[in-house]
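Mind the numbering: the sequence shown is residues 21 to 308 in my numbering, read in order.
Calculated directly from the structure, the hints in this document are not laboratory data.
Idealized CB from N, CA, C, for every residue including glycine.
Don't take each hint at face value.
Each pair of labels, with its calculated beta carbon distance range [unchecked claim]:
#1 G146 - N76: 31 to 37 Å
#2 N192 - S135: 45 to 51 Å
#3 E141 - G200: 44 to 50 Å
The calculated DMTMM-like cross-link candidates involving lysine to aspartate or glutamate, where the alpha carbons are at most 25 Å apart (straight line), are [claimed, not checked]:
#4 K255 - D178
#5 K109 - E127
#6 K138 - D178
#7 K179 - E141
#8 K279 - D178
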Amino acid sequence: MFLSLTGSGLAMGMIYAMLSVGLLLLIRSVGVTNYAQGDLLALGAFTAFFLMDRLNLNGLPMILLMIVLFACFGTTFMFTCYYPLRKTKWNQAIMVCTLGAGMVIQEVCLLVCGSMVKPMEPIIPGTLTIGSFVLQWQYIVVFFVSLLVMVAVYLLFDKLYAGRAMLAAAQNSYAANLIGIPSILTTLGTYIIVMMIVGFAGYLVAPIFLVRTTLNSLQSKAFASMVLGGFGSVKGAVIGSLMIGLIESYSTYFTTVYKDVIVFGVLLLTLLIRPQGIFGEIQLKEKA
21 MFLSLTGSGL
31 AMGMIYAMLS
41 VGLLLLIRSV
51 GVTNYAQGDL
61 LALGAFTAFF
71 LMDRLNLNGL
81 PMILLMIVLF
91 ACFGTTFMFT
101 CYYPLRKTKW
111 NQAIMVCTLG
121 AGMVIQEVCL
131 LVCGSMVKPM
141 EPIIPGTLTI
151 GSFVLQWQYI
161 VVFFVSLLVM
171 VAVYLLFDKL
181 YAGRAMLAAA
191 QNSYAANLIG
201 IPSILTTLGT
211 YIIVMMIVGF
221 AGYLVAPIFL
231 VRTTLNSLQS
241 KAFASMVLGG
251 FGSVKGAVIG
261 SLMIGLIESY
271 STYFTTVYKD
281 VIVFGVLLLT
291 LLIRPQGIFG
301 EIQLKEKA
């Protein structure tokens with residue numbers, strides 16, 4: 021039982037990590053929080069369902085088409101929610117706009133796919149059983165695929181010129197423009213990468229939680245993970261996400277009704293002891 025709960029907790033922790041790292045990348049890039057992150061996760065689930073159920077696409081063709089679609093979503097999202105408002109003196113206008121965008125995404129999903137909760141076939145059906153260890157293969161797939169995504173994000177921003185250019189433009193867009201790094205393109209690249217990550221997370225989590233708009237509730241755990249790990253720290257966001265996933269999973273051994281109460285209770289207790297989080301680094305500042 022303990023090993024099974026650990027496995028499912030780590031898998032969900034990696035989903036929260038994809039969401040929280042996506043949030044953090046946008047915060048570092050434009051200085052505002054994307055409150056449509058959970059709705060974009062649901063959009064990923066609905067998009068995967070639509071491609072598989074309506075267009076009969078599966079496997080690699082479906083994944084490649086999802087990547088293209090979410091690159092388009094990222095471009096659209098930036099040029100509707102961020103770009104027109106980037107000069108505004110009231111920085112919160114962009115955050116309010118993301119809230120509105122989230123509502124639009126919900127309604128579009130319901131309009132295209134209907135309001136009924138929809139099941140989706142797991143990537144690998146069945147369960148892995150080794151003695152008392154029992155875990156759905158989908159959780160194992162979620163963990164390892166999410167881990168690969170996190171490694172790819174790390175390599176992009178730590179080893180490749182394009183990723184370093186995005187970080188440089190995020191830290192000082194004026195200086196980046198002076199040395200030939202167009203800040204608008206690096207911001208666009210960040211939006212596209214974040215949308216791809218979140219959309220793919222929706223595809224991974226849909227077989228576990230079903231295809232429904234209430235998948236956006238997972239956003240609250242992503243925020244909790246980011247705060248627990250230390251606001252501004254990528255390492256903290258990942259470790260905080262894994263901790264939230266494990267706490268949530270272990271709490272189901274005692275109760276499924278109050279598992280969220282336990283998760284956020286632990287978060288509050290941790291913040292009372294260490295207000296900056298485990299790996300707190302930076303504070304949010306205006307960049308838009």
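**Study point:** Restraint status (C-alpha distance of K279 to D178 at most 25 Å)
**Key:** violated, 36 Å
Check your understanding: For the pair E141 and G200, does the Cβ-Cβ distance stay inside 44 to 50 Å?
Key -> Given a distance of about 48 Å, which is inside 44 to 50 Å, the answer is holds.
**Study point:** Holds or violated: K138 to D178, with C-alpha atoms at most 25 Å apart
**Key:** violated, 39 Å
Practice item. Could you say whether the range 31 to 37 Å given as a hint is met by the Cβ separation of G146 and N76? Key: Since the Cβ atoms of G146 and N76 sit about 23 Å apart, the hinted range of 31 to 37 Å is violated.
Point to revise | Straight-line alpha-carbon gap K179 to E141, limit 25 Å | key: With Cα atoms ~36 Å apart, K179 and E141 exceed 25 Å; violated.
Review point. Is it true that N192 and S135 lie within 45 to 51 Å of each other by Cβ?
Key: Holds, since N192 and S135 (Cβ atoms, about 46 Å apart) stay within the stated range.
Exercise for review: Sort out whether D178 lies within 25 Å of K255, counting only the CA atoms.
Suggested key: Holds - the C-alpha atoms of D178 and K255 are around 13 Å apart, at most 25 Å.
Practice item. Measure nothing beyond the straight line between the CA atoms of K109 and E127; if it is 25 Å or shorter, mark the hint as holding. Key: violated, 30 Å
Consistency note: the structure conflicts with the earlier hints numbered 1, 5, 6, 7, 8.
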